[in-house]
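**Student:** Just so you know, the protein sequences line up as chains A and B, in that order.
The C-terminal residue of the first sequence carries number 485 in full-length UniProt numbering, and the numbering is unbroken.
The C-terminal residue of the second sequence carries number 485 in full-length UniProt numbering, and the numbering is unbroken.
One or more of the hints may lead you astray.
One copy or any two copies: either way a pair holds, since identical chains are not told apart in the list.
Dumping the calculated DMTMM-like pairs for lysine to aspartate or glutamate here, alpha-carbon to alpha-carbon at most 20 Å [unchecked claim]:
1. K26 with D15
2. K140 with E129
3. K140 with D175
4. K479 with E10
5. K479 with E420
6. K140 with E231
7. K140 with D128
8. K140 with D461
Hints are computed from structural coordinates only; laboratory data are not their basis.
These figures come from a predicted structure and were not determined experimentally.
Number of protein chains: 2
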Amino acid sequence: MADNTPTRYEQLADDMAQAIREGLLKSGDRLPSVRQTCQRRGVSPSTVFQAYGLLEARGIIEARARSGYYVRSQKRPSRALSEPAVPRSEATEVAVSALAFDLLETTRDPQVVPLGSAFPAPHLFPLDELARAGAREMRKLLPEQVTTALTVGDEGLRQALRRRYALQGVPLAPDELVIANGAMEALNLCLQAVTSPGDIVVVESPTFYAALQALERLHLRAVEVATDPSEGVVLEDLARLVGEHDVAACWFMPNLQNPLGALMPVARKRALVDLLAARSIPLIEDDVYGELYADVRRPPPAKAFDQTGNVLHCASFSKCLAPGYRVGWAAAGRHAAQVLRLKMMTSLSTSIPSQLAIAGYLAQGGYDRHLRQLREALSTEQRRVRRLIERHFPAGTRVTLPAGGYFLWLELPEAVNALELHHRALAIGVSTAPGVLFSADRRFVHHLRLNVGHPDDPRIDAAVRSLGQIAEAMTRDAKPARAHA
Amino acid sequence: MADNTPTRYEQLADDMAQAIREGLLKSGDRLPSVRQTCQRRGVSPSTVFQAYGLLEARGIIEARARSGYYVRSQKRPSRALSEPAVPRSEATEVAVSALAFDLLETTRDPQVVPLGSAFPAPHLFPLDELARAGAREMRKLLPEQVTTALTVGDEGLRQALRRRYALQGVPLAPDELVIANGAMEALNLCLQAVTSPGDIVVVESPTFYAALQALERLHLRAVEVATDPSEGVVLEDLARLVGEHDVAACWFMPNLQNPLGALMPVARKRALVDLLAARSIPLIEDDVYGELYADVRRPPPAKAFDQTGNVLHCASFSKCLAPGYRVGWAAAGRHAAQVLRLKMMTSLSTSIPSQLAIAGYLAQGGYDRHLRQLREALSTEQRRVRRLIERHFPAGTRVTLPAGGYFLWLELPEAVNALELHHRALAIGVSTAPGVLFSADRRFVHHLRLNVGHPDDPRIDAAVRSLGQIAEAMTRDAKPARAHA
């Protein structure tokens, strides 16, 4: 449905990235000049500049002053995390909430360096503008609006969201949209709308711990599907799982998966939607990071390829505009009426001051400019912290190359138990998100999710260095022990 | 725990009400003068004035200009609804949500006269003051607050609530309070915290349809307990039920029950708490109407008598201060940690703009003054509409005498199917809440809940008259049919 034909510069950037991946252009090679490329490809200089800008943003090439563009040295290419982990394929009762709960509490202490946090730095958001928009809209509020507020949500906000979907090439059915208290509530409502207690739900591996918590709360069982660190859910594995199990739903993040940062290619998204539609297995799509792409264009959601109303697309403003406002939504396809009923039963409707503030902010313009700045700040910081990790962490550490968002996922040497690392780091005032949180059966014991969304926090460098030192020490300590064994 | 010793004037008012109930003082009798009463009881004139004011507010006596106070004529005492309905005592699967959902949608059309609404008139709330408080607080917000916002809720708001509990003589444990998206979410979280799918929960008869919806959503079964229209849950019946069934929880509204308006006497509340504590059956107490008493003093919640943390007390600002803001809370006793975890899993945290606006409003003072005005407006309107009903509804109609709130519960003549009445009324632009909504097994077919919380809506009188006429016609139509049968 969506027009996802790449633009000229995207096509050009893709071609060059492909050439680099295939080794035709190697680390340190100078790229053809803009003039040369214009002539060879028959495109304008601005197209070439845009393409190079894109590749630069993704960390594939770098500009050197007065010299041109060069393929970036992937200093330790062997350390990039690229193989999907192979999960157990039995259905598992879920019980991660106690651990996740403790984790969330620790990240809320402002004295603790927030590498375990789920949110980017708060100063990256236009909180003053939102507050002004909120004050303005609340002055205009008619008393009738407070008691006639619909469970579906504020009409102005719904209109604004529908317009954004349409601009992304995703036409929504008129009654598909339900406003909720953040994506968290939207996802929970969608999950409940399509499941009953005891049902099996497929989640990614690793997966966002809140998905596991939602399953736990609704007495559902999880089956994890192999998930590629750069391209997301492995469809062959998914096809096998839906053959073996009676699967009630899938809960996936095709865009900038948490914690991997994987971005499912368009063809893969399309195939995913078709695979599930053929079996009428609802796809709950968590797209809260979709706006935080490092690329030049918003990656389409899987919802863009939904022909049957089988995709329940959930997102929010919490990670990209208004944390704490708790405004999210579901575009729930053919399950929208059921989601709406559940919303009514769960919390009746969503806070009017929050909805009006965001609707007012969107109406005044400036959201897309804010998003551009936010994306740039996050991309730059991601590259910077990645280099710090490469420098300070022990040999054998592997780290993802996410296509956006603000998380890095690390695989540490086998000697390092990440939960222990987490506790040691907390003791010196640094939070992390240990890998065991991201799996129903507590795999990923050597893994760690780090938040790289705090560009101006002066404590980050020392904190990453400290984490590296702790990991290094744990590796060292383990060696003699092994020698004795 | 709470100091619930009546004050002098309450004691005096109680004694006089008792005398009237027992027939010692009859309709039309002049009450002793203030001076006489002072002498006889050894109290001050202000105590007598307060006592008479209280009796007047409750519609028991009336002041006549330059003449004194008289016992009000209970024109049709036989018509007051006073017998508890006897519910089936088997556990019932619940399925009222579709009907309730349709009802809620109809009450949101501003063209429809809102006799079926769940909210009082919006102009009764200090919305401008709230908006100003919100704007002021949001300007002061530090960026860090948006991402460190706790699942438990804003600390300022929590402090203000704890203070209000303390002033009502209900000391809360330090971590007992969880802020939620309205009482609806708080109640749902509490219900889930103490039950598992398939469990049995005791609810009142009739009961608030949202309680039935919550049971339905969580795959629970309902057992209804006989509920007295003026004094609430019949404890003998409850004792029998908890003996017969393995009851996981009770969900009751001891203060101004919806739809009956019943107010459980203090002794009965205390006995209820003890009965359930002895069996460790959690009491989920819905107290959203507690501030809307017609009496002079806030009735204590059952929570006031909780010695064991067995009572999960839920309330909100939606019915008494800030509809649409979606701020409620649970004081969940020993289940608070579990409620907090569920809150984190369900919607993470509650909207900051809404919480700060209410916290700011409470801090500036004026809430209690607003509540006094609101209570007075609602009491006056309740008496007014009650008289309209007595005038326009067919003989045999019985109506509750609620101790506050803004609902009347009508029992119509047997010939009148209230659901049909509801549909006929909707056709002429008047909403009602038919009785079948208030029971898991769709009893109360001749019953109707009417909202009497719209003092200045000029359409109310004509709407009540029309309802009466429709009911009258349905009664008339039924008679020949019966004669033929």
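**Student:** All hints are to be evaluated individually against the structure, with a verdict given for each.
**Tutor:** Here is what the structure says about each hint:
1. In this assembly of identical chains, the alpha carbons of K26 and D15 lie at most 20 Å apart only when taken from the same copy (14 Å versus 96 Å across copies).
2. Taking identical chains as interchangeable, the C-alpha atoms of K140 and E129 lie at most 20 Å apart whether they share a chain (17 Å) or sit on different chains (13 Å).
3. For the homomeric pair K140 and D175, neither the shortest alpha-carbon distance inside one copy (26 Å) nor that between copies (38 Å) is at most 20 Å.
4. Proximity of K479 and E10 under a CA criterion of 20 Å is satisfied in neither setting, with 48 Å inside one chain copy and 79 Å between copies.
5. Taking the shortest Cα distances, K479 and E420 sit within 20 Å of each other inside one copy (17 Å), while across copies they are farther apart (80 Å).
6. For the identical chains of this complex, K140 and E231 are neighbours neither inside a copy (46 Å) nor across copies (43 Å), given an alpha-carbon limit of 20 Å.
7. For the homomeric pair K140 and D128, the shortest alpha-carbon distances inside one copy (19 Å) and between copies (10 Å) are both at most 20 Å.
8. Proximity of K140 and D461 under a CA criterion of 20 Å is satisfied in neither setting, with 46 Å inside one chain copy and 30 Å between copies.
Violated hints for the displayed structure, listed by number in ascending order: 3, 4, 6, 8.
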